[in-house]
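A.B. asks: The primary structure of each chain is shown beneath.
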Amino acid sequence: MHHLAHKAAQNLEAVRQQKPLIHNITNYVVMNYTANALLAMGASPVMAHAPNEVKEMVAFAKSLVLNIGTLTDDWVESMIKAGCKASGQNTPIILDPVGSGATALRTLSAQQIIAKTSPAVIRGNASEILSLRDANSKTKGVDSTHSVDDAAEAAQTLATELNTTLAITGPTDLITNGKQIVRVDNGHPLMGYVTGTGCTATVVVGAFLAVDPDPLSATATALAYFGLAGEKAGQTAEAPGSFMIALLDALYTISPEDLQNGCRIREN
Amino acid sequence: MHHLAHKAAQNLEAVRQQKPLIHNITNYVVMNYTANALLAMGASPVMAHAPNEVKEMVAFAKSLVLNIGTLTDDWVESMIKAGCKASGQNTPIILDPVGSGATALRTLSAQQIIAKTSPAVIRGNASEILSLRDANSKTKGVDSTHSVDDAAEAAQTLATELNTTLAITGPTDLITNGKQIVRVDNGHPLMGYVTGTGCTATVVVGAFLAVDPDPLSATATALAYFGLAGEKAGQTAEAPGSFMIALLDALYTISPEDLQNGCRIREN
Amino acid sequence: MHHLAHKAAQNLEAVRQQKPLIHNITNYVVMNYTANALLAMGASPVMAHAPNEVKEMVAFAKSLVLNIGTLTDDWVESMIKAGCKASGQNTPIILDPVGSGATALRTLSAQQIIAKTSPAVIRGNASEILSLRDANSKTKGVDSTHSVDDAAEAAQTLATELNTTLAITGPTDLITNGKQIVRVDNGHPLMGYVTGTGCTATVVVGAFLAVDPDPLSATATALAYFGLAGEKAGQTAEAPGSFMIALLDALYTISPEDLQNGCRIREN
Numbered sequence: 004m005h006h007l008a009h010k011a012a013q014n015l016e017a018v019r020q021q022k023p024l025i026h027n028i029t030n031y032v033v034m035n036y037t038a039n040a041l042l043a044m045g046a047s048p049v050m051a052h053a054p055n056e057v058k059e060m061v062a063f064a065k066s067l068v069l070n071i072g073t074l075t076d077d078w079v080e081s082m083i084k085a086g087c088k089a090s091g092q093n094t095p096i097i098l099d100p101v102g103s104g105a106t107a108l109r110t111l112s113a114q115q116i117i118a119k120t121s122p123a124v125i126r127g128n129a130s131e132i133l134s135l136r137d138a139n140s141k142t143k144g145v146d147s148t149h150s151v152d153d154a155a156e157a158a159q160t161l162a163t164e165l166n167t168t169l170a171i172t173g174p175t176d177l178i179t180n181g182k183q184i185v186r187v188d189n190g191h192p193l194m195g196y197v198t199g200t201g202c203t204a205t206v207v208v209g210a211f212l213a214v215d216p217d218p219l220s221a222t223a224t225a226l227a228y229f230g231l232a233g234e235k236a237g238q239t240a241e242a243p244g245s246f247m248i249a250l251l252d253a254l255y256t257i258s259p260e261d262l263q264n265g266c267r268i269r270e271n
Numbered sequence: 004m005h006h007l008a009h010k011a012a013q014n015l016e017a018v019r020q021q022k023p024l025i026h027n028i029t030n031y032v033v034m035n036y037t038a039n040a041l042l043a044m045g046a047s048p049v050m051a052h053a054p055n056e057v058k059e060m061v062a063f064a065k066s067l068v069l070n071i072g073t074l075t076d077d078w079v080e081s082m083i084k085a086g087c088k089a090s091g092q093n094t095p096i097i098l099d100p101v102g103s104g105a106t107a108l109r110t111l112s113a114q115q116i117i118a119k120t121s122p123a124v125i126r127g128n129a130s131e132i133l134s135l136r137d138a139n140s141k142t143k144g145v146d147s148t149h150s151v152d153d154a155a156e157a158a159q160t161l162a163t164e165l166n167t168t169l170a171i172t173g174p175t176d177l178i179t180n181g182k183q184i185v186r187v188d189n190g191h192p193l194m195g196y197v198t199g200t201g202c203t204a205t206v207v208v209g210a211f212l213a214v215d216p217d218p219l220s221a222t223a224t225a226l227a228y229f230g231l232a233g234e235k236a237g238q239t240a241e242a243p244g245s246f247m248i249a250l251l252d253a254l255y256t257i258s259p260e261d262l263q264n265g266c267r268i269r270e271n
Numbered sequence: 004m005h006h007l008a009h010k011a012a013q014n015l016e017a018v019r020q021q022k023p024l025i026h027n028i029t030n031y032v033v034m035n036y037t038a039n040a041l042l043a044m045g046a047s048p049v050m051a052h053a054p055n056e057v058k059e060m061v062a063f064a065k066s067l068v069l070n071i072g073t074l075t076d077d078w079v080e081s082m083i084k085a086g087c088k089a090s091g092q093n094t095p096i097i098l099d100p101v102g103s104g105a106t107a108l109r110t111l112s113a114q115q116i117i118a119k120t121s122p123a124v125i126r127g128n129a130s131e132i133l134s135l136r137d138a139n140s141k142t143k144g145v146d147s148t149h150s151v152d153d154a155a156e157a158a159q160t161l162a163t164e165l166n167t168t169l170a171i172t173g174p175t176d177l178i179t180n181g182k183q184i185v186r187v188d189n190g191h192p193l194m195g196y197v198t199g200t201g202c203t204a205t206v207v208v209g210a211f212l213a214v215d216p217d218p219l220s221a222t223a224t225a226l227a228y229f230g231l232a233g234e235k236a237g238q239t240a241e242a243p244g245s246f247m248i249a250l251l252d253a254l255y256t257i258s259p260e261d262l263q264n265g266c267r268i269r270e271n
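Protein chains in written order, with the working numbering: chain A, 4 to 271; chain B, 4 to 271; chain C, 4 to 271.
If we strip away everything but chain A, and leave its shape as in the complex, we get (with noise of 0.2 Å):
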């Protein structure tokens, strides 16, 4: 994968360059620390959500960040006219279906972000992502109950029938458009002992989206960045809390290069 890891390092050296203002409507619990993490990485976080604001702010941003973690109907109502107007100015959307497949709630209001704004990438665990698909699937609360292996066919399926780009993290994130399937192996166990890391996953890909107009690239090699960050925050830190501040620091000190020499995503 010479290419990606070589697009990688273009990636964030354009991040540090261009600071792309990402704008995110996203949920209480996580926005600090992913805030923080755009900080960190070189990119200029807004966090904005008031119905007769969100369209006048997101004229502005280079990616939009939709979040649903803790999801109300005026919420979800922004995160809608935000995104209808990205849509129409050609800015790319994430979506972070948080808990899809947990409660009707969240899987109506995630399909209907999805319809009405055509997110250029949605990332979640396997079980978010396949409850887009099939109504039967239920996760355990906000955590997943699939395999990447398992929801691997599915997801090239299902990026399809969005016309979409699904990436589904775990262990190892599996990155489909239908078309084409990266793998990236690239993390640390002590991830999952933070709360939000998926959703900061999301908000780095958000940034790569900003600089680089290929959904797949983008998003393979951002979550390889975010990926070996956690590695790196691991060599130092060995619980949560230290990890959570050594993560930010990697996502600030991993150079360019250190991510070309880094980042293990593998094609198919």
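Bear in mind the hints are in silico, worked out from the structure with no lab data behind them.
Just so you know, these numbers come straight off a predicted model, no measurement behind them.
Hints are not guaranteed to be accurate.
Since copy identity is lost for identical chains, a pair holds within one copy or between any two.
When the alpha-carbon atoms are kept at most 30 Å apart in a straight line, the in silico DSS-like pairs for lysine-lysine are as follows [as the list claims (entries may be wrong)]:
{"hint": "1", "residue 1": "LYS22", "residue 2": "LYS58"}
{"hint": "2", "residue 1": "LYS22", "residue 2": "LYS84"}
{"hint": "3", "residue 1": "LYS88", "residue 2": "LYS58"}
{"hint": "4", "residue 1": "LYS119", "residue 2": "LYS58"}
Mind docking chains B and C on chain A? Use the hints.
C.D. replies: Okay, now just chains B and C, sitting in the frame of chain A:
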């Protein structure tokens, strides 16, 4: 207290094995930290407050945490809706009446939640707990102006009246179900310099309630565990920032044996 | 500036002795961090935004912090309600007009809050502060596109017009009440890589306003203290995650004497 020391170790072991889903409807300030605390100790947090979702979400949960720290009327309605569903299915509830006694909205909301949802445990500082009985009690903001000792007798009476277990936390924690009183001496002064340590004590109790059917022992052992984590954090950290991170680390690294040896629980 | 260096030490000492209650109606992103900053420095934070509570809560407060970072119309209404009550009882208000100039909602809300509540201090970056005067000023999201130097003269005029003290923060902070200008050189480049450092500067000023009746000296000394904490954090931390934790630690460990010796405040 050989019995409760042993029980403490059992409860921590059980949380790590069962990874119970803990449903939180809580305040904006602490959501991230309490979610991280639950993950670090081995439980599985979910935050969800939408009125058209909470009943479906709490159906999966092993316990429900209600916290009025940044309450508004609509959030209190969601708490009551979730709480009624939880009570109906015998899922234990723990209430954190943050700032009760400071404003009428907080006192009345706490009293209403208690009346309608029958929490298994209520945890607060002395002023908050006493405000549930005496409308003339006054707290300074959300901080306590009563000592734990003042509150012991009143708490025992109130626990009986409300048919619940009360936990008044402070340098020494006092836990009573009306019949028995247990005290916990674990803790560290820097806990008072980190926002939401009270709220975090509450979610730790929530996780132990998910594996221990006796609210008194669940609460006492959880508070000993949380206080011990504070002591361990205080061995390396000398200021609040480092301390809050070391506290999360300690929740992860303390073993059941560490807890059995380190907990300081006194009956009466 | 012997006078203001001495005043800085006095103000820090007074905050630690009086532990003033600071009422915050602020944004979701920074609530946890700003509450922790207030605790670390020795103050007592409370976050409360319910329309049927804010007047009762602010009655106890020694200062009120209003921050529009994740505003919606209902939150702005609560800010105005709390602000009118605060003004009526001579409790000082500090406004952080986050992103004013970026969207009409932010600019108009900031202007409305100012008109109705008469803040003692308004702190923002140059673009935000200038937007309060000039509707054509444009910020890139919530980041500044004006330098502090550009803004000095305009700020002095605007402070007089609005009868307030303006603080424009950046590599050098500029503070003016219309008559006098004070500059603060403390700070560290990593502060720009942590979300909410501007908002945190605001709450630190809020705490100093609670003990110092002169908005100009309260603001200048608070910003010197916060900037010095950044410098101290930068001595040990080399990346944003570690830095944000070390910054909280520094707020706790800096003594009045450290502050008197380390502050770099210039008149005119």
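A.B. asks: Within a copy, between copies, both or neither: which one fits LYS22 and LYS84 at a CA-CA cutoff of 30 Å?
C.D. replies: Answer is within; shortest intra-copy Cα gap is 25 Å, inter-copy 37 Å.
A.B. asks: When no copy is named, should LYS22 and LYS58 be tagged within, between, both, or neither for a Cα gap of at most 30 Å?
C.D. replies: Intra 21 Å, inter 41 Å, cutoff 30 Å: intra-copy only.
A.B. asks: First find the shortest C-alpha distance between LYS88 and LYS58 inside one copy, then the shortest across copies, and answer within, between, both or neither for a cut-off of 30 Å.
C.D. replies: Within one copy only: 6 Å inside a chain, 33 Å across chains, cut-off 30 Å.
A.B. asks: Since the copies are identical, ignore which copy is meant and state whether LYS119 and LYS58 lie within 30 Å (CA to CA) inside a copy, between copies, both or neither.
C.D. replies: both (15 Å within a copy, 27 Å between copies)
Violation of the numbered hints given earlier is absent; every hint is satisfied by the structure.
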